Amino acid sequence: MRPAFSPTHHFAFVDGLRGLAALSVLVFHYQHFFMPKAGEMPSADVIHGLPLYSIAYPFYNYGWIGVQIFWIISGFVFAHIYLRAPKMTAADFFLRRFARLYPLHFATLLAVAALQAISIRSTGHFQIYENNDAQHFLLHLFMASNWFQRGDWSFNGPIWSVSVEVLIYAVFFALIPFLTRRRFLRFLAALSFVGLYGLGFKHVAIECAVCFFAGASLYTVAEWRGMRRRVIVAPVLVAALAVLAIFAARMSDNKTVVLWTFAASAVTVFVCLDLLLSHRAEWLKRLGDISYPVYLLHVPVQIALLTAFDWGMLDRSMTTSAWFMLAFIVAIVLAALYTHRHFEMPAQKAIRAALSRTRKREGRSIDQPA
Numbered sequence: 001m002r003p004a005f006s007p008t009h010h011f012a013f014v015d016g017l018r019g020l021a022a023l024s025v026l027v028f029h030y031q032h033f034f035m036p037k038a039g040e041m042p043s044a045d046v047i048h049g050l051p052l053y054s055i056a057y058p059f060y061n062y063g064w065i066g067v068q069i070f071w072i073i074s075g076f077v078f079a080h081i082y083l084r085a086p087k088m089t090a091a092d093f094f095l096r097r098f099a100r101l102y103p104l105h106f107a108t109l110l111a112v113a114a115l116q117a118i119s120i121r122s123t124g125h126f127q128i129y130e131n132n133d134a135q136h137f138l139l140h141l142f143m144a145s146n147w148f149q150r151g152d153w154s155f156n157g158p159i160w161s162v163s164v165e166v167l168i169y170a171v172f173f174a175l176i177p178f179l180t181r182r183r184f185l186r187f188l189a190a191l192s193f194v195g196l197y198g199l200g201f202k203h204v205a206i207e208c209a210v211c212f213f214a215g216a217s218l219y220t221v222a223e224w225r226g227m228r229r230r231v232i233v234a235p236v237l238v239a240a241l242a243v244l245a246i247f248a249a250r251m252s253d254n255k256t257v258v259l260w261t262f263a264a265s266a267v268t269v270f271v272c273l274d275l276l277l278s279h280r281a282e283w284l285k286r287l288g289d290i291s292y293p294v295y296l297l298h299v300p301v302q303i304a305l306l307t308a309f310d311w312g313m314l315d316r317s318m319t320t321s322a323w324f325m326l327a328f329i330v331a332i333v334l335a336a337l338y339t340h341r342h343f344e345m346p347a348q349k350a351i352r353a354a355l356s357r358t359r360k361r362e363g364r365s366i367d368q369p370a
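According to the UniProt record's numbering, the sequence shown holds residues 1 to 370 in order.
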């Protein structure tokens with residue numbers, strides 16, 4: 001089947017959804033300000049009293065689903081970029097991911113380590129996450145923080161989902177030759193991981209794989225040529241996912257299945273918007289650009305504020321104000337915009353330039369990563 005999208009095609013709405021997913025996690029983590037101690041989440045009664053709860057309660061209770069949306073979008077974008085690209089070496093593939101993910105991860109890891117050291121010395125305890133020892137630092141250093149268990153929270157906790165996704169990158173790269181030649185294998189891969197999950201293999205990497213290959217499958221559907229066909233297929237697909245979500249909600253006590261379906265439905269809706277209106281939404285790219293810094297910056301900022309509260313430098317009661325909550329969100333977004341422009345992009349450019357120089361003799365280059 002001839003590809004329907006050019007290699008430079010940009011899915012603006014999907015990129016925008018990635019930014020919204022990051023903001024969803026940001027709101028969900030606002031409850032960090034109300035934790036009784038590191039590692040202990042606030043009670044339901046406390047959560048019900050959070051600022052603007054009557055409006056923001058879906059995000060306070062289920063904002064973590066933004067992670068599953070990230071994973072689905074990653075599968076979608078990877079299918080678009082890597083399943084249509086010329087043959088790529090493992091080194092090139094993983095060095096692209098390194099340039100995209102590691103600089104900000106490393107910087108925020110060092111920042112959190114320093115902030116937690118200040119907290120333990122000034123207040124006698126850690127903030128938010130309690131497992132901040134040398135062993136966990138080494139795991140974070142190699143982006144392996146949650147390869148073995150999800151609940152062992154430490155340092156910049158949100159990186160757990162990226163840590164797990166790195167494992168799925170390896171699986172995806174190994175399958176590229178097969179997924180490129182036989183598109184039905186993308187669906188089979190997703191169904192295989194769903195089957196493993198259903199059989200009791202509930203490691204978080206399996207959850208990530210389900211979402212990732214669901215995204216790759218969704219791209220295969222979106223790739224069908226002809227706007228008329230897309231207009232027909234898109235609403236039918238969304239309706240089918242909605243019916244599946246209702247069925248899953250009634251037949252299963254496991255909310256994971258329901259939320260997976262919701263996440264897939266959300267991405268599908270935004271893909272459909274891209275198919276119909278992408279030329280009107282290029283501005284959404286900026287929202288997608290800040291998704292990673294929003295995701296990694298908010299916990300270090302919270303640790304700094306919580307330390308200031310416990311040290312008596314600031315009044316903790318300000319966190320109960322809706323104005324403080326909104327100001328916190330705006331501050332993180334502005335910090336993310338600055339970080340993306342003045343740290344992420346220069347760091348990626350420098351790494352790609354260095355890698356390109358090492359491959360100059362081979363006539364290859366490292367392009368901008370996804």
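What the hints contain is simulated information worked out from the structure, not anything from laboratory work.
Incorrect hints may appear among the rest.
What the hints assert, rightly or not - So the derived label-pair ranges between C-beta atoms look like this:
hint: 1; residue 1: 283; residue 2: 120; range: 41 to 47 Å
hint: 2; residue 1: 283; residue 2: 181; range: 22 to 28 Å
hint: 3; residue 1: 346; residue 2: 41; range: 35 to 41 Å
hint: 4; residue 1: 191; residue 2: 121; range: 49 to 55 Å
hint: 5; residue 1: 122; residue 2: 42; range: 20 to 26 Å
hint: 6; residue 1: 224; residue 2: 123; range: 53 to 59 Å
hint: 7; residue 1: 312; residue 2: 286; range: 36 to 42 Å
hint: 8; residue 1: 121; residue 2: 315; range: 18 to 24 Å
hint: 9; residue 1: 123; residue 2: 49; range: 23 to 29 Å
hint: 10; residue 1: 330; residue 2: 118; range: 43 to 49 Å
Unchecked claim - Cross-link-like lysine to aspartate or glutamate pairs, in silico, EDC-like; alpha carbons within 20 Å at most:
hint: 11; residue 1: 349; residue 2: 289
hint: 12; residue 1: 285; residue 2: 92
hint: 13; residue 1: 37; residue 2: 130
hint: 14; residue 1: 37; residue 2: 289
hint: 15; residue 1: 37; residue 2: 133
hint: 16; residue 1: 349; residue 2: 92
hint: 17; residue 1: 37; residue 2: 223
hint: 18; residue 1: 202; residue 2: 130
Here the structure is a predicted model, which is why all the values come from computation and not from measurement.
Ideal Cβ positions, reconstructed from N, Cα and C, are used throughout, including at glycine.
Here's how the hints hold up against the structure:
Checked against the given bound of 41 to 47 Å, the beta carbons of residue 283 and residue 120, roughly 43 Å apart, stay inside it. The beta-carbon spacing between residue 283 and residue 181, approximately 37 Å, falls outside the hinted interval of 22 to 28 Å. Evaluation of the 35 to 41 Å hint for residue 346 and residue 41 yields a pass: the beta carbon distance comes to about 37 Å. The hinted window of 49 to 55 Å between residue 191 and residue 121 holds, with their beta carbons roughly 52 Å apart.
Range check, residue 122 to residue 42: Cβ separation about 23 Å, and the 20 to 26 Å hint holds. Judged by the Cβ atoms, the range 53 to 59 Å given for residue 224 and residue 123 holds: they are separated by roughly 57 Å. For residue 312 and residue 286, the Cβ-Cβ distance of about 39 Å falls inside the hinted range of 36 to 42 Å, so the restraint holds. For the pair residue 121 and residue 315, the beta carbons lie near 22 Å from each other, so the given range of 18 to 24 Å is met.
For the pair residue 123 and residue 49, the beta carbons lie near 24 Å from each other, so the given range of 23 to 29 Å is met. Between residue 330 and residue 118 the CB atoms are about 25 Å apart, so this pair departs from the stated range of 43 to 49 Å. Proposed proximity of residue 349 and residue 289 is supported: the alpha carbons are some 15 Å apart, at most 20 Å. Annotation: proposed proximity of residue 285 to residue 92 is violated, straight-line Cα distance about 25 Å (limit 20 Å).
A threshold of 20 Å between alpha carbons decides the hint, and for residue 37 with residue 130 the separation of about 9 Å falls inside it, so the pair holds. About 33 Å separates the Cα atoms of residue 37 and residue 289, which puts this hinted pair outside 20 Å; it is violated. Pair hint residue 37 plus residue 133 holds up; C-alpha atoms about 17 Å apart against a cutoff of 20 Å. Taken as a hint, the residue 349 and residue 92 pair is honoured in the structure, with Cα atoms around 15 Å apart against an allowance of 20 Å.
Of the pairs offered as hints, the one joining residue 37 and residue 223 is violated, with about 49 Å between alpha carbons and a cut-off of 20 Å exceeded. Of the pairs offered as hints, the one joining residue 202 and residue 130 is violated, with about 25 Å between alpha carbons and a cut-off of 20 Å exceeded.
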